[in-house]
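**Q** Residue 63 in our numbering sits at position 63 of the sequence shown; the count goes up by one each step and never skips.
Worth double-checking, as some hints may not be accurate.
To be verified - Using C-beta positions, here's what the derived DEER-type ranges look like: (1) L63 x R4: 18 to 28 Å; (2) P62 x S155: 26 to 36 Å; (3) L63 x S119: 30 to 40 Å; (4) R146 x D112: 13 to 23 Å; (5) M77 x H124: 33 to 43 Å; (6) I127 x L160: 14 to 24 Å; (7) E120 x R150: 38 to 48 Å; (8) S119 x A151: 35 to 45 Å; (9) L63 x I141: 15 to 25 Å.
These are calculated hints, taken from the structure and not from any lab test. Ideal placement from N, C-alpha and C gives every residue a C-beta, glycine not left out.
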Amino acid sequence: MQERIDVAFVSRRNSLRSVLAEACLAHLGQKRFLAYSCGQPGQIARTVHPAAASALKSAGIPLPRTTPRSWDELTRMGSPQADFVITLDPSMGPLEPRWPGRPDEAVWPYPDLAASGDSEETSHAAIQMLHSLRRRLELLINLPLRGKDRAAVRSDIRDLAHMR
Numbered sequence: 001m002q003e004r005i006d007v008a009f010v011s012r013r014n015s016l017r018s019v020l021a022e023a024c025l026a027h028l029g030q031k032r033f034l035a036y037s038c039g040q041p042g043q044i045a046r047t048v049h050p051a052a053a054s055a056l057k058s059a060g061i062p063l064p065r066t067t068p069r070s071w072d073e074l075t076r077m078g079s080p081q082a083d084f085v086i087t088l089d090p091s092m093g094p095l096e097p098r099w100p101g102r103p104d105e106a107v108w109p110y111p112d113l114a115a116s117g118d119s120e121e122t123s124h125a126a127i128q129m130l131h132s133l134r135r136r137l138e139l140l141i142n143l144p145l146r147g148k149d150r151a152a153v154r155s156d157i158r159d160l161a162h163m164r
């Protein structure tokens with residue numbers, strides 16, 4: 001049996017981008033992956049953005065069971081340690097904490113749809129974002145992530161950022 005791989009997704013408010021990524025990886029990765037999402041302390045949304053909930057529902061993917069949370073919850077002593085941290089908001093990089101266990105990190109830039117309000121345009125863009133994330137995550141789950149060449153794995157995950 002293959003060891004579980006923990007992946008954390010980071011965005012500012014943890015209400016749309018990172019929620020889509022967490023839910024999609026949990027759906028695709030089944031038992032091989034454990035997905036988390038988080039955001040910047042003090043910026044966390046109270047609930048999942050309606051456009052994220054709608055996009056996931058239309059794709060038949062369940063919402064994550066947790067409410068939006070800060071990265072403080074993932075950096076506390078005793079919290080699960082991520083093998084990979086994927087930041088979906090490039091501006092967050094310098095603000096992020098030192099992740100326990102020194103996971104490999106990548107930036108997959110996506111626009112901040114939640115900042116634009118809750119409109120039909122945002123809902124449509126969220127569906128497109130989910131499709132884009134799904135393509136990247138399908139490739140991610142098929143990478144040999146537990147190989148000996150950690151630098152190659154890190155490079156492959158970072159290269160997924162350049163997919164359209």
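**Q** Indicate, hint by hint, whether the structure satisfies it.
**A** Each hint, compared with the structure:
For L63 paired with R4, a C-beta distance near 21 Å keeps the hint of 18 to 28 Å intact. The given range of 26 to 36 Å is respected by P62 and S155, whose C-beta atoms sit roughly 32 Å from each other. In this structure, L63 and S119 break the distance hint of 30 to 40 Å, their C-beta atoms being roughly 20 Å apart. Between R146 and D112 the beta carbons are some 33 Å apart, a value that contradicts the proposed interval 13 to 23 Å.
Against the hinted window of 33 to 43 Å, the Cβ-Cβ separation of M77 and H124 comes to about 42 Å, which satisfies the hint. Restraint check, I127 to L160: a C-beta distance of roughly 20 Å satisfies the suggested window 14 to 24 Å. Separation of E120 from R150 is about 44 Å and conforms to the stated range, judged on CB atoms against 38 to 48 Å. In this structure, S119 and A151 meet the distance hint of 35 to 45 Å, their C-beta atoms being roughly 43 Å apart.
A beta carbon spacing of about 20 Å between L63 and I141 agrees with the range 15 to 25 Å that was offered as a hint.
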